[in-house]
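Heads up: the sequence lines are chains W and Z, in that order.
Position one of the first sequence corresponds to residue 1 (the working numbering), numbered consecutively onward.
Position one of the second sequence corresponds to residue 1 (the working numbering), numbered consecutively onward.
The hints are all genuine.
Simulated DEER-style distance windows between Cβ atoms: (1) 62/W to 229/Z: 41 to 51 Å; (2) 57/W to 159/Z: 25 to 35 Å; (3) 54/W to 193/Z: 25 to 35 Å; (4) 57/W to 193/Z: 23 to 33 Å.
One-sided excerpt, in silico: chain W residues whose CB lies under 10 Å from chain Z: (5) 161; (6) 207; (7) 210; (8) 236; (9) 239; (10) 243; (11) 245; (12) 252; (13) 257; (14) 281.
If you're looking for bench data, these hints aren't it; they were derived computationally from the structure.
A virtual CB, placed ideally from N, CA and C, is assigned to each residue, including glycine.
2 protein chains.
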Amino acid sequence: MEQTSPRWRCGCIDIHTHVVPRDFPAYLGSRIGVPWPSMAQAQQPCHRHVMISGKVYRTVPDQSWDTALRRDDMDRIEVERHVLSPMPELLSYWLDAEDGAVLSRYLNETLAQMVADAPSRFSALGAVPLQDVDLAIKELDYAMHVLKLSGVEIGSNVNGTAIGDPRFEPFFAAAEEWGAALFVHPLRPAGMDRLVGPRSLEQVVGFPGEIGLAAASLITGGTLARHPRLRIAMSHGGGSIQALVPRLQYAWEATQGLRDAIQLAPNSAARLMFYDDLLYDAAAIRALIELVGAGQVMVGTDYPFAIMDREPAQRLLSLNLDDEAAEMLRWRNAARWLAFDLG
Amino acid sequence: MEQTSPRWRCGCIDIHTHVVPRDFPAYLGSRIGVPWPSMAQAQQPCHRHVMISGKVYRTVPDQSWDTALRRDDMDRIEVERHVLSPMPELLSYWLDAEDGAVLSRYLNETLAQMVADAPSRFSALGAVPLQDVDLAIKELDYAMHVLKLSGVEIGSNVNGTAIGDPRFEPFFAAAEEWGAALFVHPLRPAGMDRLVGPRSLEQVVGFPGEIGLAAASLITGGTLARHPRLRIAMSHGGGSIQALVPRLQYAWEATQGLRDAIQLAPNSAARLMFYDDLLYDAAAIRALIELVGAGQVMVGTDYPFAIMDREPAQRLLSLNLDDEAAEMLRWRNAARWLAFDLG
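This is chain W alone, in the form it adopts within the complex:
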C-alpha cells in the first residue's frame, strides 16, 4: 500500500499519462512476422519513433520514458503525481498471447522502475495480455503482488469484443478481489469506416464513442452489478457516456425486456465507475459531474502526447467548483481509486 506524503496533497493527481519505454527488447519468440514494437531515433530533437512492423507508428517525446523531464513538467503545471500507463497501442492484444505476456511483463517492469525513481511522484498501471484471460490474471497477480503496481490499464475492447463481454468475467473477479485500479482506454475504435478526413481522426473522433461503448457494455453486461467493489475508471471522460446513460435509463424504465436483462439501473451503474475529466470543455465536465457525481471524476490529461490537456490546474479552476468538490477532483477521488492509505 503506497504511503501518502504531505506534498502530493497540494497539487493534483493526473491519472491519465502515458509511457513508452525508451527501448524494447528484441523479439525472442518463435513466431514469424510478429508486429513487435521497437524504437528508433527520430530526426526531430528529443523524440523517438515507435516502430511497428517496420513502420513509424508514432513519434513520441523523451518525456514518454524520462522521469526527470516529467517531474520538471509536473512542477511547472502544479501536478503532484502522474499515474503512468502504457501508450494503449502497446497493450498489443493482437499478438499471440504468450508473446503478449512477454511484452506485458517488460512494460510492467519498466513502469515499476519509473515509480521506483520517485515513488512520491509516480504511480503506475501495468498491462496484461487480455487476449488470454488466464494469462491476464497471472500477469495481474505479478503486477499487483510482486511489482506493487496500483493496477492495470485495459483496452476498451479486445480484438473487437467489448470488455463487458462475459468472457472477461474471471479477470474482473480477480481485479475486484485484489483491489486493482483499472483504467479503461480506447483502442482500435469502432466506427473507423465512418470517418471522413485525415487519419489522426481515429483518436480525435473515434475514441469518445469507443470508450462510451465500453462503459455501456459494463452496464448492460452486468459487470458492475456483479462487482460493485471494482475500482474502474473510464478515460476521456467516458466519451459518449453522457448521451448513453440517460437514454439507457429511460429505455430501461420503459421496457420490461431491458429490466429483465439488466439487473442494476443504468444510472446507478454509471455512478459506480470513475472517470477522468479529459473532455476539453468546462460545460462538458460539469455535465459529467452532474451525471455521475463529483466523487467519481478525476484529473486526466493524456500527457505527454500532442492532444494532452496542457493546463490541468487551469481546467479545474474553470469548473467553478466549491472547495470540497475541487479537492475531490484534484486528488481525493484518485487517492480512493488508487487505494492510497490516507493514514
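Assemble chain Z onto chain W, guided by the hints.
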C-alpha cells in the same frame, strides 16, 4: 411556402416523429429476394407488423399512419405540430437504387397525403434513394416542388459510408439550393459488435454514437463549410457530439495538419447544425444548448415508438430556460429550420 396559423404558436413543434404506412404496394420490380417491406395485422390490438424478408422487423401502433389518432395525442400533450418522417429502416439504402426510388416515392406520397389531412398540424420530411445520388436529387426535386414537402430525412450513413463523404456533395448542393430541411437519423449504427446484451440495444446504445459520427463527418469532411446555408438537423440531440466537438476543436487548434484539412473551426461548424432535444435528461440538453446555442435546438420525441419522450412540454419546463430561449426551443427554431413564412 407553408402559411403560419396563430394556433401553432401556442404549442410546440415536435420535429422527430415517425410514420409507417398502413400498407405497402406489392413489389413490382424485376429482382429476386428483395427485402421489400409489407404490413401484417398484429395480435396486439391497434398494432401492425412491419414485415421485411418474411420476418417481423417491428410492431408499430396505429398512430404510425392514423392522423386522427395522432391529433388526439398531440392535443393531450400540448404538441401543435408533428414533423413527420419515415421510420428510418424504410429509407432502404440497401435496395437496388431503382427499387429504392419506387419505395421513396410511395413514402413521399403517403406523407404528402397525411399533411393534406391537416396542414395546420403536420409537416413532412420525405425519403430519397441516397444509394444513388442522381436518383436522390431527382426525388428531392419531386418531393420539394411537386409534393411540397418541407425536406427529407436521411440516414447517418449510406450502407456504411458517413454522409460527410464527398460522394454526397451534389445532393447537399441541391438541398441547399432548394431550401430543403434535412433531418439526419441514425441507421444501422457503427459499433454493433461492441454491444453486450439484448438486441434492442442497437437503438438504445448504438444510435447516439452513430449520429455523433455523422455530425462529425459533416464537420471534418467540409460539408458545412461548403454549404453554410444548409438547414440540417441532427436527431437524438446529436448523440455523442458533445464529447466530439470540444475534442475536435482542441485538436484542431493544436495541430497544423487538422487545420490544413478542416477549413471551418469545429466549434463554428457545430453551430451551423440544428439538433433535436431527444437526450432524456435536462442537464444533457442544457449542455447541448451551451455548446451550440439556444437558437439551434428543437423539440423531438421519437413519437410514436416505445422509446419516445412522452411529455415534451414537461421536458421543456424542466430546462428552466428564460422565456425567449423556451420559445425558441418550443417552435421558433423549428419554424426557421422548416422555412415557415412568419408573415
